[in-house]
Amino acid sequence: MENIGMVLALTGAALASGLAGIGSAIGVGKAGQAAAGVVTEDPSKFSKVLIMQLLPGTQGIYGLLIAFITLNQIGILGGGAEALSAAKGFMYLAACLPIAIVGLLSAVSQGKAAAAGIMMIAKKPDQMSKGMIFAAMVETYAILALLISILAIFGIAGLNI
Amino acid sequence: MKEYTYSVARVRAKETSLMTKQDIEQLISADSYDAALRFARDRGYRADYDSDITAGAQRDLWEFIEEIADKEIIRILRLPTDYHNIKASVKAVFSGIDGEDLLLDGGTADKNEIYKCVKAREYKELDKRLAEVCEEAVMILNQTQDGQLCDIYIDKAMLAAVGDAADKSGDAFMKKYADMLADTSNLKAAYRCTVSGKALPFIENAVYDGGTLNTSALKKAAAGGLDALFEFVEATEYAMCAESMKVSAASFEKRCADEITHFMERARYESFSSAPIIAYFYVKKAEIEAVRLILYAKRSRLGDELIRERVRDTYV
Numbered sequence: 001m002e003n004i005g006m007v008l009a010l011t012g013a014a015l016a017s018g019l020a021g022i023g024s025a026i027g028v029g030k031a032g033q034a035a036a037g038v039v040t041e042d043p044s045k046f047s048k049v050l051i052m053q054l055l056p057g058t059q060g061i062y063g064l065l066i067a068f069i070t071l072n073q074i075g076i077l078g079g080g081a082e083a084l085s086a087a088k089g090f091m092y093l094a095a096c097l098p099i100a101i102v103g104l105l106s107a108v109s110q111g112k113a114a115a116a117g118i119m120m121i122a123k124k125p126d127q128m129s130k131g132m133i134f135a136a137m138v139e140t141y142a143i144l145a146l147l148i149s150i151l152a153i154f155g156i157a158g159l160n161i
Numbered sequence: 162m163k164e165y166t167y168s169v170a171r172v173r174a175k176e177t178s179l180m181t182k183q184d185i186e187q188l189i190s191a192d193s194y195d196a197a198l199r200f201a202r203d204r205g206y207r208a209d210y211d212s213d214i215t216a217g218a219q220r221d222l223w224e225f226i227e228e229i230a231d232k233e234i235i236r237i238l239r240l241p242t243d244y245h246n247i248k249a250s251v252k253a254v255f256s257g258i259d260g261e262d263l264l265l266d267g268g269t270a271d272k273n274e275i276y277k278c279v280k281a282r283e284y285k286e287l288d289k290r291l292a293e294v295c296e297e298a299v300m301i302l303n304q305t306q307d308g309q310l311c312d313i314y315i316d317k318a319m320l321a322a323v324g325d326a327a328d329k330s331g332d333a334f335m336k337k338y339a340d341m342l343a344d345t346s347n348l349k350a351a352y353r354c355t356v357s358g359k360a361l362p363f364i365e366n367a368v369y370d371g372g373t374l375n376t377s378a379l380k381k382a383a384a385g386g387l388d389a390l391f392e393f394v395e396a397t398e399y400a401m402c403a404e405s406m407k408v409s410a411a412s413f414e415k416r417c418a419d420e421i422t423h424f425m426e427r428a429r430y431e432s433f434s435s436a437p438i439i440a441y442f443y444v445k446k447a448e449i450e451a452v453r454l455i456l457y458a459k460r461s462r463l464g465d466e467l468i469r470e471r472v473r474d475t476y477v
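As given, the protein sequences belong to chains A and B, one line each in that order. Be aware that the first sequence starts at 1, since it is given in the working numbering, and climbs by one per residue. Be aware that the second sequence starts at 162, since it is given in the working numbering, and climbs by one per residue.
No wet-lab data here; the hints were simulated from the structure. Don't take each hint at face value.
Claimed, not checked - Derived pair list, reagent style EDC-like, types lysine to aspartate or glutamate, alpha-carbon separation capped at 20 Å: (1) K124(A) / E426(B); (2) K123(A) / D312(B); (3) K124(A) / E41(A); (4) K130(A) / D312(B); (5) K359(B) / D307(B); (6) K124(A) / E431(B); (7) K124(A) / D184(B); (8) K123(A) / E426(B); (9) K349(B) / D312(B); (10) K123(A) / D184(B).
To be verified - So, partial list: chain A residues that the calculated Cβ filter (under 8 Å) puts toward chain B: (11) K30; (12) Q33; (13) D42; (14) A115; (15) I118; (16) A122.
Here a beta-carbon is modelled for each residue, glycine too, at the ideal position from N, C-alpha and C.
Extracted from the complex, chain B is given alone in its bound form (with noise of 0.2 Å):
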């Protein structure tokens, strides 16, 4: 197995900057979008970052990741922006909008080159794999006109492609990982689908065969309605999501996405291998967006509860 001592120290050091949940909570109660502001820049969103911080913070956490990190996990860690970055371009292109500000950076491909190839539906400069996805996205959105269809290709295409790599790679903590992602996204997945009522052909189509989910059954449970979904999930590994599916769609969300804040707390208690250098990634990319959420939420006014629902737990 590959050591990693001297990224995991300087991991270590850098988790102590890592906002704790009296933080978020702090940033939550702020009084005002300036009060929020002037909190996160005094917990480490440096000043001098464009008008949204959170951009800068991102910025910062690739750098930090590209010096410590290998090249395979980081090219793991950036899939999931490519496949964001060809479902924004398809659907830009179609809708004839101007798609660049919908882009994001941190994929293994540049957002602009996929953007591009996407509009001249020529995929010649890409990777053949993202090529690939490119090309069939468009055929999908052409054939049918459905953007959700499209996204559920996509969506499955990125967890085929995460949960390849991280196959490859051999690194256990990222397989399961990749597992947990497939199983939270095909709960989510089998989750709105129950809700608005789909029938077990488009559940079929929306639902992953991949991660450690018995998906023929997980599929049949989520036509056979909101009882039968909750009864699958409570016999899971995922058995505390269940409750939460009651209350409403945002919760079970962000208690599934908690479910994988807590199974990165298991780095912890690894010193030596890349387990660390993954949890900060995703611990910090989960404080950084809810960061970000929240000060949107505090500039549209939104109700303290109602952001509260949606940040997800943290890490320290």
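Isolated chain A, as found in the complex (with noise of 0.2 Å):
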């Protein structure tokens, strides 16, 4: 068990990319379904659907951010990993969650506000920008996550435990 501190850092890196990943990829599926719809009947609107239904997305890219972070810090990125206490690699996995949790639900309502955003271009093309505020709001939190999640890595860093 001398390993636990290591795999539950990797458990953390895992949840981050995973969870997040999962999360935008439900948004970017629902925002897609609808920009499919809108393209259907109107394929001129197709630029300016593609934008929205990217905005779910970013999530997923913080995930993966949170994940390479975690992993440079704890030696599995470039090599020079060692032994991490129980304690540490516990505070990894801890600093991981918030953006795992609140990426993976931030997405799937950002999707939602995305989708409903392309059915407002669909009906009215010239208040795009109104539909992305909208959908972007949602991201505010997401970014919040992120913030926490890469103060509290590179806190645990200089730990001496």
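Hints in hand, dock the two standalone chains.
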């Protein structure tokens, strides 16, 4: 069980990229359904609805970023991995959770907001920027979670436990 | 709850081509039939349709709904057409005329099949429920020779079928629509009975026992005269329709239909449920009927006011 710290930290990285990625996949998928519906009727709106469809994809990128930083900190990326205490490993896991959980839920919600925005573009193309703002509002909470995850991971690195 | 994201997005895109109040007004005030026809064509009623351009629009609407809605929803939307076809078939067979022109496409059962079955008094080919209604309608007409009684029976059977199917679908919007359909039909039936001075036994048969209204009170009110009925309607959620009862029958019927259109407007704020699909079907169908009515009226050179009284509100 001497590697338990490493296992926990790796689990955190996996959750961050996995859950946030799942959320983005669901969100982009939902927005994609709406986008396909609009483009079926009006192909000229492709570029407008594509931008909206991409919005819920950012959470997956945030999750990936956190996973990268964590892997880098624990030495799995770039070599030089050393034994990690159980407490430190658990801390990395905890630090990864904000973006994992908030990433998942916010991407799903953002997908719905983006889908509704895409429907708005179908009826009122000139109101596209407003539709984007509505969907982007959800992004705030993913960014807050990302911030906390990053601060926590860099903070843990300096701890001597 | 099932989500219809793709379908609703298609509906939203299609809604941009619905006629607005101004469009309908412009159609009504067109100088001549040709001008009205030209305007309808400009607004999407394609020129390559057959002589009745609204029939083509109706076909397009069904094609669209088939692509985006669930089988269960489509079935409910198709049901009223079946009952119209039964009504037309029974009457045509009994009056010895060729009724095929009166039949409509778009039911769950093939229109010619219904006609053939009623003509042969052999209903095995039809769905059990439709077969029963055909058989009963033929029997009523056979025994009483009263077309009105037959119509009442078929209308009630249609409301019951739509209500049952809506309940079974578990779709809240569809259930509310079925209730409103039953309520407005009951109000119209009660109003007609009152105006023509029918007695309580007749009214009791004419009103369908379903929907959200207290039907026993409605029946009594209808038997009590126009003032009693007015008072009853005023106390229901259809109070907005009450005033038009005093204007004319056409105005009251239009107001009842408008009430359903206003309910459909709630679907504007839904993005994932079946509501926008049902609402689009309803309003597009109403639009097609309005265009047909206006074109016929223009061809017969009827006055604009007479048309306006009958054309329902639009959704956009």
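We went through each hint and held it up to the structure:
This hinted pair checks out: K124(A) and E426(B) have alpha carbons roughly 17 Å apart, not beyond 20 Å. Taking the CA atoms of K123(A) and D312(B), the gap is about 41 Å. The hint is violated against a cut of 20 Å. Distance check on the hinted pair: K124(A) and E41(A) sit about 14 Å apart at the alpha-carbon level, within 20 Å; holds. With a C-alpha separation of about 52 Å, the suggested pairing of K130(A) with D312(B) is violated against the 20 Å cut-off.
Note on K359(B) and D307(B): the hinted pairing holds, with a Cα-Cα distance of about 15 Å set against a maximum of 20 Å. In summary, the hint linking K124(A) to E431(B) is supported, as the alpha carbons are separated by about 16 Å, within the 20 Å threshold. Restraint check for K124(A) and D184(B): satisfied, since their Cα atoms lie roughly 19 Å apart, inside the 20 Å limit. Only pairs whose Cα atoms come within 20 Å are accepted, and K123(A) paired with E426(B) is accepted, the gap being roughly 15 Å.
As the CA atoms of K349(B) and D312(B) are separated by approximately 14 Å, the hinted pair is consistent with the 20 Å bound. With a C-alpha separation of about 17 Å, the suggested pairing of K123(A) with D184(B) holds against the 20 Å cut-off. The interface hint given for K30(A) holds, since its Cβ lies 6 Å from the closest Cβ of chain B, which is under the 8 Å cut-off. A least Cβ separation of about 4 Å between Q33(A) and chain B falls short of the 8 Å threshold, and the interface hint therefore holds.
Hint status for D42(A) relative to chain B: holds, with the closest Cβ pair at about 5 Å, below 8 Å. Because the beta carbon of A115(A) sits about 5 Å from the nearest beta carbon in chain B, less than 8 Å, this interface hint is met. Interface hint status for I118(A): upheld, as the beta-carbon distance to the closest one in chain B is roughly 6 Å, under 8 Å. Because the smallest distance between the Cβ of A122(A) and any Cβ of chain B comes to about 4 Å, under 8 Å, the interface hint for this residue holds.
Consistency with the previously given hints fails for numbers 2, 4, ordered from lowest to highest.
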